[in-house]
Amino acid sequence: MSTVTAGATPRSSTLRRNWDKHWAAWAMVVPVVAVLAVLIFYPLVNGIWLTFTNQTEANQLAEICTKSITGGEVCKENPNAWSFVGLDNYVNVLTGKIGEFWQWTGTTLIWTVAGVAFHYGLGLGLAVMIHREMRFRGFYRVLLVLPWAVPAFISAFAWKFLFNEQLGLVNSLLNAVGIDSVAWFADKWTALFVAVITNIWLGVPFMMVALLGGLQSIPEELYESAEIDGATPWQRFRNITLPGLRPVSMTVILLGTIWTFNMFPIIFLVTEGQPAGATEILVTGAFRAAFEGIRNYSLASTYGVLILSILLIFSVFYRRVLRKQGEVW
Amino acid sequence: MTTTPPIAVSRSDAPARVNKPRRGRRSPAASIALHGTLILASLIAIGPILWVVLSSFKPGYAVQSTEITLVKDPTFANYEYVLFETNFPSWFLNSVIVASLTMLIGIFFSATTGYALSRFNFPGRRSLMMVFLITQMFPVSILIVPIYAIMASLGLINTLPSLVIAYLTIAVPFCAWMLKGYFDSIPTSLDEAASLDGCGPFRIFWRVILPLARPAIAVTGFYAFLTAWGEVAYASAFIQTDDKYTLAYGLQQFVPQFNPQWEYLTAAAVLVTIPAGIVFLFAQKHLVSGLTAGGTKG
Chain A
1359 MSTVTAGATP
1369 RSSTLRRNWD
1379 KHWAAWAMVV
1389 PVVAVLAVLI
1399 FYPLVNGIWL
1409 TFTNQTEANQ
1419 LAEICTKSIT
1429 GGEVCKENPN
1439 AWSFVGLDNY
1449 VNVLTGKIGE
1459 FWQWTGTTLI
1469 WTVAGVAFHY
1479 GLGLGLAVMI
1489 HREMRFRGFY
1499 RVLLVLPWAV
1509 PAFISAFAWK
1519 FLFNEQLGLV
1529 NSLLNAVGID
1539 SVAWFADKWT
1549 ALFVAVITNI
1559 WLGVPFMMVA
1569 LLGGLQSIPE
1579 ELYESAEIDG
1589 ATPWQRFRNI
1599 TLPGLRPVSM
1609 TVILLGTIWT
1619 FNMFPIIFLV
1629 TEGQPAGATE
1639 ILVTGAFRAA
1649 FEGIRNYSLA
1659 STYGVLILSI
1669 LLIFSVFYRR
1679 VLRKQGEVW
Chain B
3 MTTTPPIAVS
13 RSDAPARVNK
23 PRRGRRSPAA
33 SIALHGTLIL
43 ASLIAIGPIL
53 WVVLSSFKPG
63 YAVQSTEITL
73 VKDPTFANYE
83 YVLFETNFPS
93 WFLNSVIVAS
103 LTMLIGIFFS
113 ATTGYALSRF
123 NFPGRRSLMM
133 VFLITQMFPV
143 SILIVPIYAI
153 MASLGLINTL
163 PSLVIAYLTI
173 AVPFCAWMLK
183 GYFDSIPTSL
193 DEAASLDGCG
203 PFRIFWRVIL
213 PLARPAIAVT
223 GFYAFLTAWG
233 EVAYASAFIQ
243 TDDKYTLAYG
253 LQQFVPQFNP
263 QWEYLTAAAV
273 LVTIPAGIVF
283 LFAQKHLVSG
293 LTAGGTKG
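Residue numbers (this note's numbering), protein chains in the order written: chain A, 1359 to 1687; chain B, 3 to 300.
For the record, the hints were derived by calculation from the structure and aren't laboratory data.
Every residue gets a Cβ at the ideal spot worked out from N, C-alpha and C, and that includes glycine.
There could be a bad hint or two in this list.
As the list claims (entries may be wrong) - Sample of chain B residues at the chain A side, in silico, Cβ under 8 Å:
1. Pro50
2. Trp53
3. Val65
Could you build all of it, start to finish, from the sequences and the hints given here?
Have a look at this one:
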């Protein structure tokens, strides 16, 4: 075939060969690519464009049409139509003229670091424990994974209920040991504490399960030979378990960070930003700033672009650090 | 597979390996510490759920009281109210429809995509993997407006399909990524053997790989179902009339700012968790074996 088509344009024949070789793979991914293109890429491009305008729910129409008495439609130009405003949105957000960008970012950082650190630490500890052979192992595992099965908004309600100032179990228990009730949602730090606890409770099972899977892929022989060489349990953990878990850990920490950073329902439902918006993180703060009252599309997009940029920069940085340490991922 | 029955596995039943002294010689003190820690952790894990379940059987005044009681005047009144006096049944049905569709369509799309990513080195493969990672970073707040606009122009606002489509964009990238990792762990020699027998790529996928990937399918299905079952932001943006609410959004009506009706909320919470729990029970024994892969290989 190649001898016959030697005279044909090389480009079309490459295309042809590619098609023959890869059509099955392309056919398998095309539905997903199409859906992502329509629902992720188009919105992304559109969203970036929106950030340079001042479009809101009220001014999005270029023309206002009203039904006239004769039945026809009369369209007039909208006097307050949206317009191109350049970088105004970014300036407004970053200088704090609208919303509390820097405060929210600070809260988001605390929220994310605390969440991921405890998810990973507790998840690792439980995974190592439950990896051992012992009685009731399967039973413990089902119980420990259970919080994962509860929808996030239900967990949010459950914890809000537990920490309720008047009728919550936590305050009742505190009273029982002679401590006065705490108004958990009246102070920024106690409110944030409740939200972080809820999020930790919610996220540990995923980490535990993922790390448990990683533990199972570490060959038992490594531990045996280390033990023959006289390694202490701590040394075995440091030198076999942790390196063996590295690939899984890197992925789940990255995903965990991204997910926690963008975790919407917990803050939105548990603290509702109380007191007075002090516990908003970026995603919830942006949501309220942009969607309460008149829906401000351009403002929402501006926050979205900023959040996405932070996460992109983080993951590029994260990968670079890993590469330096010789991890090709 | 990797699950252990809840009964103790005696060491002699363990795979025929060399006797493992490390496991065998746990001192009684270490044993107590281990079980003690796990019991405590399990209590913390199920405590809040248990407390909500107990509260749901209490009458309103007992829920509102500050006294700690495990059971007090047990009653089904809260359940009766939620089931018969509110729109709960129709919200519930909406949620079931949305979550099931998301699960089924999501599994199908992510399985084919994961298989292609795992087995074929086609042009665009690496960038697709990157795109999947990036989709995880999208804050709802950037997507919600343009997606709202797209849904509006398709006439899908205030319909359930709009939610299914939106949830698929959340679930499919992660599921495809996870399944790809799992497919990687299935030896390619199986594909080659089937190929020699004259199977095309789609038949191999359908007949050989999918049956082997059941654990991973179970896990991704579970994930997709839960994603749809518990989502709030899209639901509150796209759905406008009471009869189309999903549970996640509808339930918020029980928590008005100043007078939350906790007793109904707890009953509703239990009813909402049951279907998720059933799906969980089906998936749970595969959770470990199915998730191993997802994270490990990029």
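So, going through the hints one by one against the coordinates:
1. Pro50: Holds, because the Cβ-Cβ distance from Pro50 (chain B) to chain A comes to roughly 5 Å (cut-off 8 Å).
2. Trp53: holds, 6 Å
3. Val65: holds, 7 Å
In summary, this structure violates none of the numbered hints.
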